[in-house]
Structures are given as C-alpha cells and as structure tokens.
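> Quick mapping for you: the protein sequence lines, in order, are chains D, A and C. Using my numbering, the letters of the first sequence map in sequence onto residues 1 to 426. Using my numbering, the letters of the second sequence map in sequence onto residues 1 to 378. Using my numbering, the letters of the third sequence map in sequence onto residues 1 to 81.
Bear in mind the hints are in silico, worked out from the structure with no lab data behind them. A quick note: this is a predicted structure, and the numbers were derived from the prediction, not measured. Backbone N, C-alpha and C define an ideal beta-carbon position, used for all residues, glycine too. Treat the hints with care, as some may be off.
So, partial list: chain D residues that the calculated Cβ filter (under 7 Å) puts toward chain A [as the list claims (entries may be wrong)]:
id: 1; residue: Gly-28
id: 2; residue: Arg-368
id: 3; residue: Leu-372
id: 4; residue: Gly-409
One letter stands for each residue in the lines below.
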Amino acid sequence: MRELRSEVLVLGAGPAGIAAAVSAERAGARALLVDMQAEPGGQIWRGQWNKATDSTARRWLSALRASPVEGRYGLRLVDVPAPGEFVFDGADGPLRVHCERAVIAAGARERLLPFPGWTLPGVFGAGGLQVLAKNGWPVAGKRIVVAGSGPLLLAAAASLRSLGAQIVLIAEQSGWRDLAAFGSGLLGTPHKVVQAAGLWRKLIGVPYRTGSWVTQALGDNEVRSVIVRRGRQIVQLDCDALAVGYGLVPNTEIARALGCELRDGAVWVDMHQHTSVPGVYCAGEGTGIGGIDQALVQGEIAGCAAAGRAELAATAQRRRRGSERFAAHLRRHFGLRAELRSLAQDDTVLCRCENVAFGAAKACSSMRDARLQTRLGMGHCQARVCGAACEFLFGWGAATPRPPLAPAGLSCFNLSTSAENPQEPT
Amino acid sequence: MSTVASVDVLIVGGGIVGCAIAERLARAGLSVCLVERDVLGGAATAASMGHLVVLDDDAAELALSAYSCARWQALAPSLPATAEYRRNGTLWIARNVEEMAEAQRKQWRLAQAGIDSELLTAAALAEQEPALAAGLAGGLRVASDGMLYPPVAAAWLARQAAAQGAQIRCGVGVRNLVEGAVLLDDGSELRAPHIIVANGCAAPELLYGAPIRKRKGHLLITTRSAPRVRHQLVELGYMQSAHGGDGESVAFNVQPRPSGQLLLGSTRQFDDVSSTVTPRLIQRLILRAQEFLPGLATATALRAWTGFRPTTPDHRPLIGPWPARAGVWLACGHEGLGVTTALGTADLLAAQLLGLELPFDARPFAPARFAAQVSHAA
Amino acid sequence: MPPEISVRIDGEDVRVRGDCSVAAALRQAGYAATRLAHDGSRRAACCGMGICFECRVQIDGRERLACLTPVAAGMEIWRDA
Numbered sequence: 001m002r003e004l005r006s007e008v009l010v011l012g013a014g015p016a017g018i019a020a021a022v023s024a025e026r027a028g029a030r031a032l033l034v035d036m037q038a039e040p041g042g043q044i045w046r047g048q049w050n051k052a053t054d055s056t057a058r059r060w061l062s063a064l065r066a067s068p069v070e071g072r073y074g075l076r077l078v079d080v081p082a083p084g085e086f087v088f089d090g091a092d093g094p095l096r097v098h099c100e101r102a103v104i105a106a107g108a109r110e111r112l113l114p115f116p117g118w119t120l121p122g123v124f125g126a127g128g129l130q131v132l133a134k135n136g137w138p139v140a141g142k143r144i145v146v147a148g149s150g151p152l153l154l155a156a157a158a159s160l161r162s163l164g165a166q167i168v169l170i171a172e173q174s175g176w177r178d179l180a181a182f183g184s185g186l187l188g189t190p191h192k193v194v195q196a197a198g199l200w201r202k203l204i205g206v207p208y209r210t211g212s213w214v215t216q217a218l219g220d221n222e223v224r225s226v227i228v229r230r231g232r233q234i235v236q237l238d239c240d241a242l243a244v245g246y247g248l249v250p251n252t253e254i255a256r257a258l259g260c261e262l263r264d265g266a267v268w269v270d271m272h273q274h275t276s277v278p279g280v281y282c283a284g285e286g287t288g289i290g291g292i293d294q295a296l297v298q299g300e301i302a303g304c305a306a307a308g309r310a311e312l313a314a315t316a317q318r319r320r321r322g323s324e325r326f327a328a329h330l331r332r333h334f335g336l337r338a339e340l341r342s343l344a345q346d347d348t349v350l351c352r353c354e355n356v357a358f359g360a361a362k363a364c365s366s367m368r369d370a371r372l373q374t375r376l377g378m379g380h381c382q383a384r385v386c387g388a389a390c391e392f393l394f395g396w397g398a399a400t401p402r403p404p405l406a407p408a409g410l411s412c413f414n415l416s417t418s419a420e421n422p423q424e425p426t
Numbered sequence: 001m002s003t004v005a006s007v008d009v010l011i012v013g014g015g016i017v018g019c020a021i022a023e024r025l026a027r028a029g030l031s032v033c034l035v036e037r038d039v040l041g042g043a044a045t046a047a048s049m050g051h052l053v054v055l056d057d058d059a060a061e062l063a064l065s066a067y068s069c070a071r072w073q074a075l076a077p078s079l080p081a082t083a084e085y086r087r088n089g090t091l092w093i094a095r096n097v098e099e100m101a102e103a104q105r106k107q108w109r110l111a112q113a114g115i116d117s118e119l120l121t122a123a124a125l126a127e128q129e130p131a132l133a134a135g136l137a138g139g140l141r142v143a144s145d146g147m148l149y150p151p152v153a154a155a156w157l158a159r160q161a162a163a164q165g166a167q168i169r170c171g172v173g174v175r176n177l178v179e180g181a182v183l184l185d186d187g188s189e190l191r192a193p194h195i196i197v198a199n200g201c202a203a204p205e206l207l208y209g210a211p212i213r214k215r216k217g218h219l220l221i222t223t224r225s226a227p228r229v230r231h232q233l234v235e236l237g238y239m240q241s242a243h244g245g246d247g248e249s250v251a252f253n254v255q256p257r258p259s260g261q262l263l264l265g266s267t268r269q270f271d272d273v274s275s276t277v278t279p280r281l282i283q284r285l286i287l288r289a290q291e292f293l294p295g296l297a298t299a300t301a302l303r304a305w306t307g308f309r310p311t312t313p314d315h316r317p318l319i320g321p322w323p324a325r326a327g328v329w330l331a332c333g334h335e336g337l338g339v340t341t342a343l344g345t346a347d348l349l350a351a352q353l354l355g356l357e358l359p360f361d362a363r364p365f366a367p368a369r370f371a372a373q374v375s376h377a378a
Numbered sequence: 001m002p003p004e005i006s007v008r009i010d011g012e013d014v015r016v017r018g019d020c021s022v023a024a025a026l027r028q029a030g031y032a033a034t035r036l037a038h039d040g041s042r043r044a045a046c047c048g049m050g051i052c053f054e055c056r057v058q059i060d061g062r063e064r065l066a067c068l069t070p071v072a073a074g075m076e077i078w079r080d081a
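Required output: the full structure, derived from the provided sequences and hints.
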C-alpha cells in the first residue's frame, strides 16, 4: 500500500479544512489536506478552485495554493486501523497516512426525509442539486421545485436560477413567524443581512411559500410533478426536478470511528477545537451546523492548535463567539414540524440502499433492532441517509460505525507496504 | 419496584438458542417467559454466518448437528422469506492429497449419520465453483447443508413462542439468579421452578464458574459485485482451526448471501474481549480468502465486524441441568454452532425437562461433565 | 461552449462536456438512472455529495461515485440499470 507521513492530517477540504491546513502550515507544521472530491472547496466552494467568483473563496483558495500544504484529492477515508493511521481509497488504490495529529473537517450533509416518490430519479437534496449543477448537471430551462427547510433553500434556488433553471416554487416548511424571528435575529450580524438581501434580489419573482411542504413526488421513471401542501391547501405542480432538503446534519462518522465524544449529534470540542480524543481536532459543521464563518474561524483555531501554537489563533478566538451565536440562532428557527413524520406511508422506502420500507422499520425498537431485522442502514451508504431520517422519525440514535467507513476495495485492508512503492516522498 | 410474577419456565437470553427453547416449551403448553437484555438475536446470533452445517468431529457433535439440520429443513416451509433459508450445500475444499484423504474419511463419518455427500475431483470442483483457484485437489460436497439469516430466524421463533402464550421481554437484563427466581434490572422479581440460562458468553455473569470463554471471530461482507459462488465454501483445514489450540487461527469459510454478497470468515482468537475489529486479523482473513477465490482481489468490502463464540473446554455445548443449583438448566456454550444446533438444543432440553424420550444421547452435553469445576464454583 | 470529449457509456460512444462530473455527463447524454434497486426501480444521483451512493457506477472497472468523479476522455462507464 502507498504510504505518506504528515505532522497534521486535515480530513476534508471545505472552508474549515482549508483554513485548518493553511493555518497549521503558517504555525510551522507540515500539513496534508485530503478530500474525497476531485478538488478543494467542499460543497460551498464547489467549482471555485479554478474560477473563484466568491471573494472569500478566492482569498482562501489562493492562500491554499500559495501554501506548502500538500493536497490529495479524490480519496475517501475508509479505515482508521490504529491511532495516527488513516487509510484512504481512491481511483489509484489505497493510501495509508501516518500523522501525529488530525483535524476532522468533514462538513455536513443534508437531512433527507422519506415521502412517497422520493426515490424517483429527478428528486435530489436541495444542496444536492445545487452542487450537481455546479459540476455540470444540466438545469437550464428545467422547471424545478425547491423545498424543505433552512437558508440553504434560498442559496440553492438562487444558484439554480443563475444557471438558467426556472424555479417553480420554494416551499419552506417553517412558518413565517419563525422566519421573521430568524430574519430580525440576523440584525446582530449585518453581513448576514447583506447576504440574505443579495439572495432575495436573485430570487425576485420566484414564488416563496412558508409553512409549506412537498408530500409526494409523481412520475414513472422520473419525477414529473409534485404535490405540495400548505395548511389545508393541496396543489399539484408539474416539474422536471425536485430539490428537497430538511436542513443540515453534521457528518460524524469519522469522529465516532475515532471514539470522539458527541453532544446533541455534533462532535464535542474545547475552545481549541480539540475533541475528547488526544491529538484529534474537529472544525466546522461537524461541531454543530453554523455556516461558513464558523467553519473558517474554527478551522484557523484547529490548525494553529494542531500545530502546537494555539496562541496564534487569538483573533480567531474573538470571532468564534459571534459565529456561535449565529449557529444557535439557526437551530432555533428551523425546527422541523411534526407533520413531516407522517409523510412516508408503510410501503414508502426508508432505507434506499436495502429497500427497507418505512412500515417494516417502524415495527422495530431501535436502530440496532432495525438493522438486524430489516437490514436498514446495512447497504452502501451505511445509514448516512436513513440514519438521520430515523433520528427525526423515531428518535433513534446512530449505530456504532464499523469499518470500512465507506465501501472500500479489499486491498485497503492489506496493511503491508507494497514492494514496488514502499514509501512516497513527503 | 418489587413486583413478583411467576411462570413455569424462565429463559435468560434471546439469542437463537433461547428463542428456539421458548418456542419449543410454549408449544408444549408451559407458561414461558424469555428475558433478553438487548434485542432478540443481537449478540452471537447477529455476528454469526448462519451456516447450517453437519459437523463430524465426534459422534456427539454429529448427532446434534445432523438432527438439528433435519429440523431446520422441516421448519423451512414455515420460515418467513426474510429468514433467507437456503439449502445450497457445503463444499469442503481439499488443497492436497492429504486433505483429499480427509475428505474421504469425512464422507464415511457423515454416512454413519445418514448424511449423503459426494467426493469431487479437481475438475468436478472447478465445474461446481468456477471462481475457485486453480490447483486445488478436490472436495466433498454436502448438498443437504444450508444457511439462513439468524437474527430474523431468532425473532420469528420468538414470535411463534409469543403466539402460544410466551412472554418475550426485551431490553431488561437479569441482575441476579436466586433460589427459584431471578431479579431483573428493573427491580422486579420473576419466579419459576425452571430457569434456563441461554445467554451464551454472558452465562458466567450469572453462574460463577460456568466453563465458558469468549472466542472472538471476525467477519467481512462484500458488496454485490463479488465473484459468483453457489455453495458455502470451507477449507478442510477448518476443523483444525476450529478445534486447534489457544492461538489465533484463520480458515477459509465463505458464504454466498442470497443478495449476491459474499460473507467472508473465519478467525478465532481467545483473550481478546474487545469488540473492535483487529486490522491484522481482517488482513489475514482476506488474504486467506483470496488464496481460494482470486477474484476477490477486485471485490469491495461493505462492512467488517466481530463477535464472540461461547466456547467450552471440550468445544461441546452445555445442555442440561446445572448440577450446582436445583432448577437451573443450561443451554449455552455452542461456540460457532449455535445457529445450526438451536433446534436440536431446544428439543434435547425440552425432552429432559419434560421427561420425554431423548432425541439423541444427552450425556456428552451434560453440564455435569464439568462437575469438578462446578462443585467448587457453586 | 466548453470542449467536448468522448466517453463510453454502457458500451456506446458518446460526446459529453469535458468540464463536469460523470453524474452530469450521464445526464447530459440522456441517461436518467444510474442503478436499479432490489425491486427493479430506477435510481439516480440524489445527494450530490458522495453520501447516498445512489449514483454508483463502474468506471474503468471499479465501482465509483459518479457525483464525485470528474469525467475524462476515454472513460468506460457502466451503469447497473
């Protein structure tokens, strides 16, 4: 197996990971930045690496380019066989990294909830369709319904519209009271207000409904229309795609595999982003959904701390509190309504990988019971999708992650160093 | 809470053995309560392969496993489809002439129990399983062996028991075993003239001195894009690995799941009681499997896990009265054969408890064989 | 327009944009689904971020996620649909 050594390994090259790697190098450590995507940027800066249009992205991506940080992309973490040892799988086979300290910056994923028709081609996560489109998924001229919850809906709709899509409707499940409270709460963070105003400008003329959600997607081989509920009103809307996401959930698989303590579904960290496991730090959405400002600030702090120079992050420490306020504000105003728990029918697929129906899962007593009796969460995605859904639907906790962290070639378990390529220069 | 309830039989442990006993005794008309501290079939049952196999190391094991496999076969039409019962047979693989000679001896021993098998030449082996490596000597095909998905089979047995009046209580552990009763974690007491300890590796927690050690095993399952295999494939060296000394051992044992996935076993080690996957053993497991199935080189692993086999000093289960305590019965210590022998265990225990004719000789399984150990432990 | 490249999808030569993901290339070429579920229903890219694994396809003989893989000239892509 190919091998690499590094002082600080940064897992994930979104804003938090980039800030961590760049800051670790600035603080004097050698950093290795790894991501499963083909280039750095994470979800929010997808496609910005070669043509940055966002000023913050441009600043950090040029900092990364100018920094001696070594980047390895298109590699997915699949195993942590021993402390300080990380095995990745990619197109060129496995790679083993030995490091002294690690920063987890694995970001977040969308919460996808089951409803009749949600497995049809043409039904996406909201951010999901946005990032697919950023990588060339054709949306120009397509009629798209954007639905779910949270500020991401506006960003996704604006982005899809700028690529030529016709946004049929944005359906936000939160009521207008919550949204008004969220908006006025932003007055304490003026740049967020500016951002929001910018998004709204891009969405002029797009129908936006609060207290509204999709109950069904229809079509035989692809989605053709959706049924949207608003109070007692039910309407059917024709569309070519449905982009629906119910907020973000932290990606915690890596942290859990390393034994890090979680609180409220997020990785617990101290003021230096240090987790409960020695030498392991976490930055960004993994510590709780808080957006890009929190990710950058925490990345800087984690990078400095992992380099053994926590004191260099003093200014970032001051910005940390503001970003935490925004995160708490976000959580408070986009709580999911109970009606979303009854969208799935007994025969609606809940676990997409193993085709386990909602009704079969409902009869079980816990995630573990459901795994054993129905194989829920036992397929390729390893409960990344249905786990977050079950947490909302049934209140089930996540099951213990088992190796590999994602499906991996059997050669990833061959720990002997290959003879042809004993050690790559670092 | 100090409620007291009373039943004829109390079963501790909702693995496949406990569930089979609950079904058997409820069917006999007894009032039964089964107590499981976690979920049904969640421990060794969940970790196991679900290979239904006749083993022939000694006459007792042969009798128990042959009887049990026949019982599964009889039960098969009633099992739910999700129990995935299949009679796809075992193919014992010989790598050389010595192992071919062992295959012949195995055929003779199996015949003593009325089990038909077929010796395969190297060419016949390759025809049966084209994915196997070239250069193997041959094998023995036991067509009557099968497989199932154990957690679903266990839960189904428990539901059958419940349909006949048994109480199935999950999520509550047994804190203590006292005279004619158990104390549960929730503070309540359950009284029963017969208490059956069927909690596998946890038996020594209730019965100090119960001669059971944990023997850790690793398994790995691939995605559906693995090489095509029809039979359960086991190397003839497997029994040496299973019954060998206290050291680590790895033997080739692969099961084709109905889904098209391959389940890869098997490893054995004592003295490691952590449930974490040991990278070194997973590596050995894979390398061993690739020697027999070279096509695995490009396969994708979906998940690896570990489990513990409840192992007795002579590798035979403990089925029968526990001599140190009146009214206490054991049905544990099945090592890697608990799924295969669950139904035979239930019948043998029920026959002893109800005073019926024994289906086969009970003496080799009598916990009393460890009486010396037990007498000072009680 | 960005330059086009040739790839093989399910054994057929097709021209797609060279600056996109395999998932996007499949869609541009008119393939709506990437795989069939156990019940035979069609599935396609959903999360876009390497989480749901619905867009897995064989690329040059290995199972890969179409949403995470940039398309490249000469790629051989097989769907399971």
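> Would you mind marking each hint as holding or not holding in the structure?
Structure-based check of all given hints:
The beta carbon of Gly-28 (chain D) comes no nearer than 32 Å to any beta carbon in chain A, farther than 7 Å, and the hint placing it at the interface is violated. With 7 Å as the threshold, the beta carbon of Arg-368 (chain D) comes within range of chain A, its nearest partner Cβ sitting at about 6 Å, so the hint holds. Interface hint status for Leu-372 (chain D): upheld, as the beta-carbon distance to the closest one in chain A is roughly 4 Å, under 7 Å. Interface hint at Gly-409 (chain D): satisfied, since its Cβ lies 6 Å from the closest Cβ of chain A, which is below the 7 Å cut-off.
Checked against the numbered hints given earlier, the structure breaks only hint 1 and satisfies all the rest.
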